[in-house]
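Chain A is fixed; fit chain B onto it per the hints.
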Amino acid sequence: MRAVALRLGGVLALLGIWWAVAAAQIWPPVFVPTPAAVWEQLLKTSVTGYSGYSLADHLLVSLGRILLGSLYGIAAGIVVGLALGLVPAFRAVFGPLVTFVRTLPPLAYFSLLIIWLGIDEPPKIALLFVAAMPPVAVATAEAVRGVHEDYLNAARSLGVSPWGLPFLVVLPSALPEVLVGVRVAVGVAYTTVVAAETVNGVPGIGGMIRDAQRYNQTDVVVMGLLVIGASGLAIDLLLIRLQRLLVPWRGKA
Amino acid sequence: MPSPDSVALKGVTLTYGRKVHALDGIDLAIEPGEFVAIVGPSGCGKSTLLRLVAGFARPTGGEVRVGGEPVAGPGPDRGMVFQQPRLFPWLSVRRNVAFGIRRHPGRDARVAELLDLVGLADAARLRPYELSGGMQQRAAIARALAPDPGILLMDEPFAALDALTRERLQEELRRIWQQTGKTVLFVTHSVDEAVFLGTRVLVMSKRPGRIVLDLPHQPDLRETVSTAVRQAAV
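The listed protein sequences correspond, in order, to chains A and B.
For the first sequence, the working numbering begins at 11 and goes up steadily by one.
For the second sequence, the working numbering begins at 1338 and goes up steadily by one.
Only chain A is shown next, with the shape it has when bound in the complex (with noise of 0.2 Å):
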């Protein structure tokens, strides 16, 4: 209740000073555009649209892209770790280039996927795969590599084979830090999804914030911000859930 009560405060108090500072008229409307303005935008985006396809319809569309990525992104990611943290050589030659591929901004690299995949579906998914890739790479092969010898013994004096112990034992015991792993993926994704969405992005959430963009409709764009934003606290807080629920032993064992 308690912790209800805070978050409530702090978004009613954030909204305060919003409107304190939009009603000051410090900056014209085109800057700092008003609560109800944008509250506005919301409601008629939500009913008549905006580019010609409803507000739904671009999140659904951006929330399509991001889950098509993730996915990719996620298991790639954990065959990548897998490899990485189990064969040596395997991390000796690609470990530098996962590490070079994540420090690089998405944005660099998108127009080179347009260049090879051209501006439909393709380069967006594939944005969204190469920036969701690397985080669950990580964090697995981390995980796999700190999994504990005694675990592996057991297994293999059990009677599990070289083969497969990275699936019944390696895997089990690493996805707790995998699924942090993709916590971050999933939150890369989302921050990636406006950039891929910057060429022929309409429908898309990114997309709508571009054309407002283009035609100085600041509450549009802190709206489609906005709707960003709480869907992906959303998200995050289902896959909490997903992780409460699959590593119930998490900071027990």
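Treat the hints with care, since some could be wrong.
Stated by the list, open to error - Here are a few chain A residues that face chain B, going by a calculated C-beta distance under 7 Å: (1) D160; (2) Y161; (3) N163; (4) R166; (5) S167; (6) L168; (7) G169; (8) K262.
By construction, these hints were calculated from the structure, which means they are not laboratory data.
Where a beta carbon is used, it is the ideal one built from N, C-alpha and C, also for glycine.
Just chain B, lined up with the frame of chain A:
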């Protein structure tokens, strides 16, 4: 033809780098059904000896044979219990015990029988972290026994438990050993535990690790072993 449950070490040496002799020329023959307690100060190589028999490591010299065959790696003929229970936290107690016999027919009946043997029948559905330390170690023993190994290797399995639980588990282990007739290699740093459990007690000395005493169970064993361990520690 040696029995499949016999253990034989011949001139076993384990050296780390050039200078550290963890084990130095160990000769040891263990007959099926023996309960061999290995006691010694920390760093004497008693756990290392167990790891060699388990197949987790290889000697740098000499030979370890189980059932007459050189040890090439770990296997379900040698069950292992560690100081920490090391149960798989993502599996229930029942599935932990079933881990070594995942594909065996009659698995469920065997698991139920083992849970009965270690007194955990009511805890089958629980996750390891929901058990006390003593219960976790019982489950670990049941897990190690599941593939019906002829040899049970135990590396200070009760060292992390409180005194009361330890005593109770010692008695239960003795009962389990009597019921199953396994060959047991039991490493401990407690003289009392070694003398209470072992039908045969080995004392090892510090680096280089050597066996300095090897006696069958007898009335005045405790004094003899205590003295030997004290001398081995310096």
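Going down the list of hints, with the structure as the test:
Hint on A:D160 holds. Least Cβ distance to chain B is approximately 5 Å, under the 7 Å limit. About 6 Å separates the beta-carbon of A:Y161 from the nearest beta-carbon of chain B, less than 7 Å, and the hint is met. Interface restraint check: A:N163 against chain B, minimum CB-CB distance 5 Å, threshold 7 Å, status holds. For A:R166, the suggested interface contact is upheld, since its CB lies about 4 Å from the closest CB of chain B, less than 7 Å.
Hint on A:S167 holds. Least Cβ distance to chain B is approximately 4 Å, under the 7 Å limit. Taking 7 Å as the C-beta cut-off, the interface hint given for A:L168 holds, the closest approach to chain B being about 3 Å. Annotation: interface hint on A:G169 holds; nearest CB of chain B at approximately 4 Å, less than 7 Å. Below 7 Å, beta-carbon pairs count as interface contacts, and A:K262 has one with chain B at about 4 Å; its hint therefore holds.
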